[in-house]
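Colleague: Take the two lone chains and join them into the complex the hints point to.
Those sequence lines, one after another, are chains A and B. Residue 1 is where the first sequence starts when you use this note's numbering, and the numbers rise one by one after that. Residue 1 is where the second sequence starts when you use this note's numbering, and the numbers rise one by one after that.
Worth flagging that the hints you see were computed from the coordinates, not collected in a lab. Where a beta carbon is used, it is the ideal one built from N, C-alpha and C, also for glycine. Keep in mind that a hint or two might mislead.
Selected chain B positions facing chain A (Cβ under 8 Å, derived; list incomplete) [as the list claims (entries may be wrong)]:
#, residue
1, Q18
2, A20
3, R23
4, R26
5, Y46
6, G53
7, A121
8, K122
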Amino acid sequence: MPVESVFPRLEALLPHVQKPIQYVGGELNSTVKDWDSCDVRWALMYPDAYEVGLPNQGVMILYEVLNEREGVLAERTYSVWPDLEKLMREHGVPQFTVDAHRPVAAFDLFGVSFSTELGYTNLLTALDLAGIPLDAAARTVDHPVVVAGGHAAFNPEPIAEFIDCAVVGDGEQAVLEITRITREWKDEGRPGGREELLLRLARTGGVYVPAFYDVEYLPDGRIARVAPNRPRVPWRVAKHTVMDLDAWPYPKQPLVPLAETVHERMSVEIFRGCTRGCRFCQAGMITRPVRERSITGIGEMVDKGLAATGFEEVGLLSLSSADHSEIGDITKGLADRYEEDKIGLSLPSTRVDAFNIDLANELTRNGRRSGLTFAPEGGSERIRKVINKMVSEEDLIRTVATAYGNGWRQVKLYFMCGLPTETDDDVLQIAELATRVIAKGREVSGSNDIRCTVSIGGFVPKPHTPFQWAPQLSAEETDARLAKLRDAIRADKRYGRSIGFRYHDGKPGIVEGLLSRGDRRVGAVIRAVYEAGGRFDGWREFFSYEQWMRCAAAALEPLGVDVDWYTTRERGHEEVLPWDHLDSGLDKDWLWDDWQDALDETEVEDCRWTPCFDCGVCPQMGTSIEIGPTGKKLLPLSVVKAGSPGGNGG
Amino acid sequence: MRYTKRGRLRFTSHRDFQRAFERALRRAGVPMAYSAGFTPHPKVSYANAAPTGTASEAEYLEIALAARRDPGELRAALDASLPTGLDIVDVVEARTADFAERLNASVWELRLDGVEPEAAAKAVGMFLAADSVEVRRQTKRGMRAFDARSAVVALEAVAAPADRGGSGPDGPVSHPCAILRLVVRHLTPAVRPDDVLSGLRATADLAPPVPAAVTRLAQGPLDESGTVPDPFAPDRDAAEAALTGAAGQQAAAAPGITG
Numbered sequence: 001m002p003v004e005s006v007f008p009r010l011e012a013l014l015p016h017v018q019k020p021i022q023y024v025g026g027e028l029n030s031t032v033k034d035w036d037s038c039d040v041r042w043a044l045m046y047p048d049a050y051e052v053g054l055p056n057q058g059v060m061i062l063y064e065v066l067n068e069r070e071g072v073l074a075e076r077t078y079s080v081w082p083d084l085e086k087l088m089r090e091h092g093v094p095q096f097t098v099d100a101h102r103p104v105a106a107f108d109l110f111g112v113s114f115s116t117e118l119g120y121t122n123l124l125t126a127l128d129l130a131g132i133p134l135d136a137a138a139r140t141v142d143h144p145v146v147v148a149g150g151h152a153a154f155n156p157e158p159i160a161e162f163i164d165c166a167v168v169g170d171g172e173q174a175v176l177e178i179t180r181i182t183r184e185w186k187d188e189g190r191p192g193g194r195e196e197l198l199l200r201l202a203r204t205g206g207v208y209v210p211a212f213y214d215v216e217y218l219p220d221g222r223i224a225r226v227a228p229n230r231p232r233v234p235w236r237v238a239k240h241t242v243m244d245l246d247a248w249p250y251p252k253q254p255l256v257p258l259a260e261t262v263h264e265r266m267s268v269e270i271f272r273g274c275t276r277g278c279r280f281c282q283a284g285m286i287t288r289p290v291r292e293r294s295i296t297g298i299g300e301m302v303d304k305g306l307a308a309t310g311f312e313e314v315g316l317l318s319l320s321s322a323d324h325s326e327i328g329d330i331t332k333g334l335a336d337r338y339e340e341d342k343i344g345l346s347l348p349s350t351r352v353d354a355f356n357i358d359l360a361n362e363l364t365r366n367g368r369r370s371g372l373t374f375a376p377e378g379g380s381e382r383i384r385k386v387i388n389k390m391v392s393e394e395d396l397i398r399t400v401a402t403a404y405g406n407g408w409r410q411v412k413l414y415f416m417c418g419l420p421t422e423t424d425d426d427v428l429q430i431a432e433l434a435t436r437v438i439a440k441g442r443e444v445s446g447s448n449d450i451r452c453t454v455s456i457g458g459f460v461p462k463p464h465t466p467f468q469w470a471p472q473l474s475a476e477e478t479d480a481r482l483a484k485l486r487d488a489i490r491a492d493k494r495y496g497r498s499i500g501f502r503y504h505d506g507k508p509g510i511v512e513g514l515l516s517r518g519d520r521r522v523g524a525v526i527r528a529v530y531e532a533g534g535r536f537d538g539w540r541e542f543f544s545y546e547q548w549m550r551c552a553a554a555a556l557e558p559l560g561v562d563v564d565w566y567t568t569r570e571r572g573h574e575e576v577l578p579w580d581h582l583d584s585g586l587d588k589d590w591l592w593d594d595w596q597d598a599l600d601e602t603e604v605e606d607c608r609w610t611p612c613f614d615c616g617v618c619p620q621m622g623t624s625i626e627i628g629p630t631g632k633k634l635l636p637l638s639v640v641k642a643g644s645p646g647g648n649g650g
Numbered sequence: 001m002r003y004t005k006r007g008r009l010r011f012t013s014h015r016d017f018q019r020a021f022e023r024a025l026r027r028a029g030v031p032m033a034y035s036a037g038f039t040p041h042p043k044v045s046y047a048n049a050a051p052t053g054t055a056s057e058a059e060y061l062e063i064a065l066a067a068r069r070d071p072g073e074l075r076a077a078l079d080a081s082l083p084t085g086l087d088i089v090d091v092v093e094a095r096t097a098d099f100a101e102r103l104n105a106s107v108w109e110l111r112l113d114g115v116e117p118e119a120a121a122k123a124v125g126m127f128l129a130a131d132s133v134e135v136r137r138q139t140k141r142g143m144r145a146f147d148a149r150s151a152v153v154a155l156e157a158v159a160a161p162a163d164r165g166g167s168g169p170d171g172p173v174s175h176p177c178a179i180l181r182l183v184v185r186h187l188t189p190a191v192r193p194d195d196v197l198s199g200l201r202a203t204a205d206l207a208p209p210v211p212a213a214v215t216r217l218a219q220g221p222l223d224e225s226g227t228v229p230d231p232f233a234p235d236r237d238a239a240e241a242a243l244t245g246a247a248g249q250q251a252a253a254a255p256g257i258t259g
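In isolation and in its complexed conformation, chain B is listed as follows (with noise of 0.2 Å):
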């Protein structure tokens, strides 16, 4: 499945979103596959969750369930039981093995209110043109080192909309505004859209005058062109062709539902 967290409950961490899916589980009468032991659980996994506070259009989860279900009504009932801004937007029968490990990458966007265009796009030329850039962030393990450079496959300053008024706590602001369209591996350590920012601050003295609206756009598996292509889509040619075969054959044996 993938699924959103925009707007106001982008504030949603992911705990919180676990708890509130496996609850809209509940209340949409999904057939969950539980897991065995003293206190049984539903079968669901997730995958690289996006930090608190940033906004994602595409994170994604695989579930297990005890019976068949028609993947567009199980998202239709899914995306209604759930909050608006946590929508539930595509759902495939997953008919291909290890769906997370395609997720190789992310493409996100960054908007910098108050920040003038052309110094972003001179920031981001100074990033790309460093070998490495050096950034801390405070893990669990206490404050830790790692390189923000070789993680960006891509980064570009592009225009911003006219129209698009930000607001800051004392007001809406009239502004420039820039805005960052980013492509990451997914490496370890995990380099996040907030560490390219201290790596812009770090190398060109990029400081935004307030926080950074963060937006992943994508994840999937990195192509050689550098684009983030739909990590479904093997799963749905993998449906396609299972559903030509079925039309020759009749009644074709239902793949296993992984989870």
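In isolation and in its complexed conformation, chain A is listed as follows (with noise of 0.2 Å):
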């Protein structure tokens, strides 16, 4: 069946929208293949605006790994702008691709990758805008399997209605698999439906299908039992986790656009996972065992993504990126290698304790010393031991203390309000440590011209974490904490002047702690509030808190709950919670204890440098850590200098 492009129809539209570029495709090593000789269509969905979803590595990666393959097609969809959200209603022009501008509703498969749960809402936008019926029970054999992944499908229930399953962990062999299953069924002819399709996935134990499963309640609203209601679909869905990230080196291409995006750099990814153990960080969590790069296949993909991109910036990502085990001679290594191109590093999350002041020269080596930023998350020693982000004061001082004595002028810290246990006083100290950093940088720099500047926001209880159990500090209470603190800065006269304080307010807060720990109850309220017009939670000038809370009151009323049940409630030991079905490796009971000691204020050591602790993930998921150090260095390359016109530079 051949599909047309929707772009003769769309071009009339775009002269009147703003930015039409991030609706015209094109980027730099984007893909399209003949539609007529591949037999497993994706398309991929970032749900938010294209300038916050082109950069996304997981949609970049799948994208590729998918495209590679013989036969098989993905191409990429986002979020589009009320304005042309409204021109496509009123011309009919449907949810679109920008490779080559395919209907989405043509495709096999839809993917959808979460990172956050604001993105629910425009799920539901594009659906409706590619005629995909909302309901997953409403879809036929010709609609597309919407997939859903990212870490937000680790609690895919309030979306169970809409979706029609999930994929939790690492999704780049996830994605062959289903593709794989898929070709198979079309093969035969689609025998069975689409019923029959989503069974052979579900059976995998790696793809979830809430249809499936049967969620009973309590009396008191509390969930009784999910089970499953079909044979041999399994009891739990596992998590799936790719061991060996030399033998994925993707992005190898990673898309440059022409329009203005929130990342412009060709990102690495250095490693994933963390052992941490931060008790409030559910990426740490979800995404166990470590695994790192090894220091030459970062180089490797460093040197071929530059030559592919041309970005001047290379960022080394993970989730605690000097944690590298040889972080100091890859950072060296390529600021050795790049000097004369200019191309300057970033490490976008650096912990107090792993800093050091070689890594911070390197990193600033051939670009810009303008700022550090460090996350001590809490504002006291002791609520700093509930979050086991052992990062004592003393660190954080001598840490700052080398960084204005060597040139910086501005550091950042960022911290979290509402932590469970939580006083007045834990985050009135936040005051007093952002003093203590002024008063040791004007000392240490001999100037009165330096910043430090406090980000602090709401903390959300997340599932699969030691806090899951937690109750969410309310909005109200968020915000008279965080105007004490505001007060407590500005009081001080000496230092007042050189602390910036920004802040988020506990509202959104709410609204994603709902969807975060929701069950399949909420997914009415996201109904509701995308019916009144909800779009783009994520962003200010978008987000309506009082149109959740009505949304929200009208649809949870009948079924005797509302949203601070869901939020503020604390849960207990023998509560079944909406995602406990679904295996992120980790053991409930290590959970558990892991928060009574939360609650003791014990502290837990990272598993990388001592022994294992039992969280559980390695044996249920048969993967074990990987980590260096390896040994090896990063060579100069063997350089045919830039200069040849058609060469490939250095």
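Modeller: Below is the structure:
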């Protein structure tokens, strides 16, 4: 069946919208394959604006992994801004891919990557614009199978009625397995229709199909049990873990957009997973174990990626980049290699206790020395024990002193408000900490011209973490605590003007909390908000707390639960949590013990350099820690120096 | 260098093009000269960029190199490094000063889908008959009124080829289609094709049902006959003269490379 490009019809709308370039595709390193020569076709979506979605590494990796395969095609689609959405509805132009402008409804599979729950209303917009029924139950054999992935998919229950299935964990191998099963089913003439395909996927044990599980509730609103309702569908669905990152050097050909996006750099994931054990951090819990890419593997990816993109900056990504076992040699090696090409390096996530000045000097050798960012997360030593962010005040002061002493003028500190057991005093200590930072900075730099910015937002408890049982602080209490902190910082005239204060109010956090720890009943709220016009909930200019609360009250009241029940309520040990049947590998009893340790202010070490503490992931998933050092070094490239036109440069 | 913005890439804004071009320079390994200062930038100067959404066959920029390169090879390498649609179509070595000041006028083509050629011709007649045609445009400093007539050197309705179909948002349009050819002098404030369309609406009530498809065909000096010749001609002549001279004298010193 030939599929026509919607571009001629879209083109006539583009002169009337903001930033039309984001809808035309044609990015460097993008791929358009022949429709008819492929038998499994994926539309991949990042459910946010193009400028945010395009640089997303997850989508970029899967796009390339799929397109490399014979007979498989993957194209990308992003959320369209409301100005274009309105015109598309007026003129009947469907949700399209940016690669070949094919209608999303024509694909076999529609994969949507959720980094955050705030993309759920955008999913509904895209489904509706695509002409795909919002209810999975109403779809026919000719509609795409809607697959959710990304970190938020570790609790897909709030969107259970809108998706056909969810994949938890690393996507590289999972999408290939889904492709294989889909191809077989199509080759056989699609026997048993949509249900049969979903059954085959579910029976792998690695694809969650919500429709194949029944949820029963207790009279008090809690879940009684979640049970499969089809034969040979497993009770729990396991996450996917890619081992040996060097065997998966993606993206090899990163996309380079014409439009401006939030990250304009060549990103290389230097390791996946984190076992620092910060109790608030969902990413660290669900991506275990740590798997490092080797120094030589990183060097090769950077070299090829820069040649393929022309980017001026390399981002060394991970959850805590300074923790790579050979980070010093990596940064020095790369800074040496690209000194003449004026390529800057960045480590987006750096721990205070893993930072050192040699590292910082390498990072800024080819670029600017503007600011350093650290995330102590908690203001008091006590609360940092609770959250297991083992950074002492002395560590922090020593680190910032080194930074100010070496020419940095600006340090940014990230904190959270509303952590379990937190009191006003824990948060007010942030002001004292910032004051000490400035005092020390003035002392070592001999200058009053230094700054420290405190950035703070509300904590949202997440599934698959020790804080999954914790009560979330209400929006009002969060805002009141933040106001006290602001007043405390401003009250001290000697230091206040050197301390910047940025905060996020508590309201978006409550909606995020509802969606993060919600169950299937929350789906009605998402639908109501979407129908009331809710879009782009991660954007301040579109987010409406009042609309969410109004819709939640109307949808949840008949069910005997409310927003507080989902957010500020503490859960008990015996409670069945909505995501218990999604297996992140973490042992629930270990999580509970870690939660109790948190309440006791007891810290836990990192299993990379201390014995295993039995979180459960490695034995449950058949995985193990993969770290260096390899002892290898980055050699200078045998340079045919950039110059001959048509050559690849250095 | 002369470059294009063709097809769907006409929606590239000038800022977007600048970023894409500077990355293409890196990928192609062009030995760029950098500005001095704390954050060095490659030396590139852009002239009169066409507005976002309008296509162009004739955009121009100048780059300064740190080492001499053959213009033909440079063109091929950069063109291969840029996406199709942003095409480098001509490169000459700068041998004369003040290139940008030679770009005094533009030739534009405006395709008006859904407009009868006769109606367009009539509107053009009314526009040209006017001494001045005041139009308004939103600028960074608010709504601004200016004359769109005086900058127009020539404007004519030309016959559209019969097979030239277009598309509207609701599907292909089988339709009348008028094509205007416009020569406009570069003045301040710049008069753009959109302003001339506003002028046609103001003087003759010409209102195309779908947005006009606008393409810049040429830029260059404006000669007395109202035509716009190749702005590279003086550099080509100088290159040829140097070559002839060099043939006689062996190695003539290379002229400096300007940026």
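Colleague: Compare the structure with the hints numbered earlier in the document and write down the numbers of the violated ones, lowest to highest.
Modeller: Failing hints, ascending: 1, 5, 7, 8.
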